[in-house]
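Enquirer: Residue numbers (this note's numbering), protein chains in the order written: chain A, 1 to 108; chain B, 1001 to 1108; chain C, 2001 to 2108; chain D, 3001 to 3108.
Don't read these hints as lab results, they were simulated from the structure. A portion of the hints provided could be inaccurate.
Simulated restraints, written as ranges between beta carbons of each label pair [unchecked claim]:
#1 Glu85(A) / Asp1020(B): 36 to 46 Å
#2 Ser8(A) / Ser3015(D): 27 to 37 Å
#3 Glu3016(D) / Asp2104(C): 16 to 26 Å
#4 Asp1104(B) / Glu3085(D): 37 to 47 Å
#5 Val1093(B) / Glu3085(D): 53 to 63 Å
#6 Asp1052(B) / His97(A): 22 to 32 Å
#7 Asp1104(B) / Asp2053(C): 50 to 60 Å
#8 Asp3075(D) / Asp2047(C): 39 to 49 Å
#9 Val1093(B) / Ser2005(C): 30 to 40 Å
Restricting the straight-line Cα-Cα distance to at most 27 Å, the calculated cross-link-like pairs of lysine-lysine (DSSO-like) are [unchecked claim]:
#10 Lys2090(C) / Lys1090(B)
#11 Lys2083(C) / Lys2102(C)
#12 Lys1102(B) / Lys2090(C)
#13 Lys102(A) / Lys1071(B)
#14 Lys1095(B) / Lys1083(B)
#15 Lys2102(C) / Lys1102(B)
#16 Lys3102(D) / Lys2083(C)
#17 Lys71(A) / Lys1083(B)
#18 Lys3071(D) / Lys2095(C)
#19 Lys90(A) / Lys3071(D)
#20 Lys2095(C) / Lys1083(B)
#21 Lys88(A) / Lys1071(B)
#22 Lys3088(D) / Lys2071(C)
#23 Lys1102(B) / Lys71(A)
#24 Lys1095(B) / Lys71(A)
#25 Lys3071(D) / Lys2102(C)
#26 Lys1090(B) / Lys2088(C)
#27 Lys2088(C) / Lys3071(D)
#28 Lys1088(B) / Lys71(A)
#29 Lys3102(D) / Lys2095(C)
#30 Lys1102(B) / Lys1090(B)
#31 Lys3102(D) / Lys102(A)
#32 Lys3088(D) / Lys3102(D)
#33 Lys1102(B) / Lys83(A)
#34 Lys1071(B) / Lys83(A)
#35 Lys83(A) / Lys102(A)
#36 Lys102(A) / Lys3083(D)
#37 Lys1090(B) / Lys95(A)
For glycine and all other residues, C-beta sits at the position ideal for the given N, C-alpha and C.
There are 4 protein chains.
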Amino acid sequence: MVDESVLSALREFVSERDWDQFHTPASLARSIVIESAELLECFQWSDQAAQDDVRDELADVLTYCLLLANKLGLDPDEIVLAKLESTKQKYPVDKAHGRSSKYDRLPD
Amino acid sequence: MVDESVLSALREFVSERDWDQFHTPASLARSIVIESAELLECFQWSDQAAQDDVRDELADVLTYCLLLANKLGLDPDEIVLAKLESTKQKYPVDKAHGRSSKYDRLPD
Amino acid sequence: MVDESVLSALREFVSERDWDQFHTPASLARSIVIESAELLECFQWSDQAAQDDVRDELADVLTYCLLLANKLGLDPDEIVLAKLESTKQKYPVDKAHGRSSKYDRLPD
Amino acid sequence: MVDESVLSALREFVSERDWDQFHTPASLARSIVIESAELLECFQWSDQAAQDDVRDELADVLTYCLLLANKLGLDPDEIVLAKLESTKQKYPVDKAHGRSSKYDRLPD
Chain A
1 MVDESVLSAL REFVSERDWD QFHTPASLAR SIVIESAELL ECFQWSDQAA QDDVRDELAD
61 VLTYCLLLAN KLGLDPDEIV LAKLESTKQK YPVDKAHGRS SKYDRLPD
Chain B
1001 MVDESVLSAL REFVSERDWD QFHTPASLAR SIVIESAELL ECFQWSDQAA QDDVRDELAD
1061 VLTYCLLLAN KLGLDPDEIV LAKLESTKQK YPVDKAHGRS SKYDRLPD
Chain C
2001 MVDESVLSAL REFVSERDWD QFHTPASLAR SIVIESAELL ECFQWSDQAA QDDVRDELAD
2061 VLTYCLLLAN KLGLDPDEIV LAKLESTKQK YPVDKAHGRS SKYDRLPD
Chain D
3001 MVDESVLSAL REFVSERDWD QFHTPASLAR SIVIESAELL ECFQWSDQAA QDDVRDELAD
3061 VLTYCLLLAN KLGLDPDEIV LAKLESTKQK YPVDKAHGRS SKYDRLPD
């Protein structure tokens, strides 16, 4: 379940500004990319970043993710848990333990 | 608050595979970008996309966002609500209503 | 000037497959992002990457950049040189020397 | 071949500012993503974009691509042409004509 107060705060914010007209799944997907690149920019030249900057940019990515989930009638927690199940199959513990390799490059 | 069962399921998944060693804020930020681009790929040639594909890719973006928030000791809901407050200042209703322009291009 | 043989090879490839109908500036911009994230994926968990993988993904990013420049009637070399001139203004040598800071965070 | 004057202009610009120390393949890959997302931002809410903005952002993406190619001792035109050859195999004209589907979803 998504926290009710977060979702209604977001919906009210969007509705007050009559912005829903701009929020298509495609434009929300573009927005998620754009914000995630601003998050990456915190680490452009270094692996250390100011926590405040990272927090602000991560908040923007999450915001658009929640808006997209809401637009598609999806529950963020549910889809994360569902995806986790299939990822467990792709990366069985005995093969994937301690390795960062992609699933098609795991040892037999 | 983040749903407790989602967070502990993710933590257990990562821990079982001894993957936390790979999860630095920088690598998690890269992962969020990579997954968001896979989400965008659903809309590469068209504004219509298969809902299943979008759901799966959105789940991946959210997963890495939750892992990054957890790594930094942040509560996703809290940071979204906090960011919303400052975004309200940048985009006052009277100026931003019905406009998709960036805050530095709003009318006076 | 862009090397004539590269541009005509790309044009022929696209034309043979009747793909120009899909190549709008917007879809080419999305494609550039998607391919650049695949390039980033070479470095997802490490700063070291297989040179072959990097070369292949960089080739894809460049390909879409050349297609977008061509679609807009722009010469890639010209626009890079033109942008370099304004970047020199933003980052004067005396202020920017040895610093990775963004232009709005340079010392006075 | 890459236009000699573009490459030496870029090298001189970087060298004057002592910026080569920041340019690793990993950081250049991140930079390419960051700039491509700024290009995408021109199309965030609409498929129409100001040509000047698109030109500026495309120039930034190309700049970092040239810097990365240079860093790895690669010729941009060569790698694009080489990649084109393998892409022709993946997307044979008879199967791919007029279709935007990915190679693993082409008809038999």
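Enquirer: Against each hint, give a clear statement of whether it holds in the structure.
Expert: Results of checking the hints against the structure:
1. In this structure, Glu85(A) and Asp1020(B) break the distance hint of 36 to 46 Å, their C-beta atoms being roughly 20 Å apart.
2. Taking 27 to 37 Å as the suggested C-beta distance range, the pair Ser8(A) and Ser3015(D) does not conform, at roughly 55 Å.
3. Distance hint check: the CB atoms of Glu3016(D) and Asp2104(C) are about 20 Å apart, consistent with the given range 16 to 26 Å.
4. Asp1104(B) and Glu3085(D) have their C-beta atoms about 45 Å apart, which keeps the hinted 37 to 47 Å range intact.
5. Roughly 55 Å separates the CB atoms of Val1093(B) and Glu3085(D), a value that falls within the hinted 53 to 63 Å.
6. Under the hint 22 to 32 Å, the C-beta atoms of Asp1052(B) and His97(A), about 30 Å apart, fit the expected range.
7. Checked against the hint of 50 to 60 Å, the C-beta distance between Asp1104(B) and Asp2053(C) comes to roughly 39 Å, which is inconsistent with it.
8. In this structure, Asp3075(D) and Asp2047(C) break the distance hint of 39 to 49 Å, their C-beta atoms being roughly 24 Å apart.
9. In this structure, Val1093(B) and Ser2005(C) break the distance hint of 30 to 40 Å, their C-beta atoms being roughly 56 Å apart.
10. Only pairs whose Cα atoms come within 27 Å are accepted, and Lys2090(C) paired with Lys1090(B) is accepted, the gap being roughly 26 Å.
11. For the hint pairing Lys2083(C) with Lys2102(C), the CA-to-CA distance comes to about 16 Å; that is within 27 Å, so the pair holds.
12. Only pairs whose Cα atoms come within 27 Å are accepted, and Lys1102(B) paired with Lys2090(C) is accepted, the gap being roughly 22 Å.
13. Distance restraint check for Lys102(A) and Lys1071(B): the Cα-Cα separation of roughly 22 Å lies within the 27 Å cut-off, and the hinted pair is therefore satisfied.
14. This hinted pair checks out: Lys1095(B) and Lys1083(B) have alpha carbons roughly 19 Å apart, not beyond 27 Å.
15. Restraint check: the Cα-Cα separation between Lys2102(C) and Lys1102(B) comes to about 20 Å, which is no more than 27 Å; the hinted pair holds.
16. For the proposed pair Lys3102(D) and Lys2083(C), the alpha carbon gap of about 34 Å is over 27 Å, so the pair is violated.
17. Straight-line distance between C-alpha atoms of Lys71(A) and Lys1083(B) comes to about 20 Å, which keeps the hinted pair within the 27 Å bound.
18. In summary, the hint linking Lys3071(D) to Lys2095(C) is supported, as the alpha carbons are separated by about 25 Å, within the 27 Å threshold.
19. Taking the CA atoms of Lys90(A) and Lys3071(D), the gap is near 35 Å; set against the 27 Å cutoff, the hint is violated.
20. Between Lys2095(C) and Lys1083(B) the alpha-carbon distance is near 33 Å, which puts this suggested pair outside the 27 Å criterion.
21. A distance of roughly 21 Å separates the Cα atoms of Lys88(A) and Lys1071(B); the hinted pair therefore holds under the 27 Å criterion.
22. For the proposed pair Lys3088(D) and Lys2071(C), the alpha carbon gap of about 21 Å is at most 27 Å, so the pair holds.
23. Restraint check for Lys1102(B) and Lys71(A): satisfied, since their Cα atoms lie roughly 22 Å apart, inside the 27 Å limit.
24. At roughly 25 Å between alpha-carbon atoms, Lys1095(B) and Lys71(A) fall within 27 Å of each other, so this suggested pair holds.
25. Using a Cα cut-off of 27 Å, the hinted pair Lys3071(D) and Lys2102(C) holds, with the two alpha carbons roughly 22 Å apart.
26. A distance of roughly 31 Å separates the Cα atoms of Lys1090(B) and Lys2088(C); the hinted pair therefore is violated under the 27 Å criterion.
27. Our distance criterion of 27 Å between C-alpha atoms is met by Lys2088(C) and Lys3071(D), whose separation comes to about 21 Å.
28. A threshold of 27 Å between alpha carbons decides the hint, and for Lys1088(B) with Lys71(A) the separation of about 21 Å falls inside it, so the pair holds.
29. A threshold of 27 Å between alpha carbons decides the hint, and for Lys3102(D) with Lys2095(C) the separation of about 47 Å lies outside it, so the pair is violated.
30. With a C-alpha separation of about 9 Å, the suggested pairing of Lys1102(B) with Lys1090(B) holds against the 27 Å cut-off.
31. Restraint check: the Cα-Cα separation between Lys3102(D) and Lys102(A) comes to about 20 Å, which is no more than 27 Å; the hinted pair holds.
32. Of the pairs offered as hints, the one joining Lys3088(D) and Lys3102(D) holds, with about 13 Å between alpha carbons and a cut-off of 27 Å not exceeded.
33. Distance check on the hinted pair: Lys1102(B) and Lys83(A) sit about 34 Å apart at the alpha-carbon level, beyond 27 Å; violated.
34. With a C-alpha separation of about 20 Å, the suggested pairing of Lys1071(B) with Lys83(A) holds against the 27 Å cut-off.
35. Only pairs whose Cα atoms come within 27 Å are accepted, and Lys83(A) paired with Lys102(A) is accepted, the gap being roughly 16 Å.
36. The hinted pair formed by Lys102(A) and Lys3083(D) meets the criterion: a straight-line CA distance of about 23 Å does not exceed 27 Å.
37. For the hint pairing Lys1090(B) with Lys95(A), the CA-to-CA distance comes to about 49 Å; that exceeds 27 Å, so the pair is violated.
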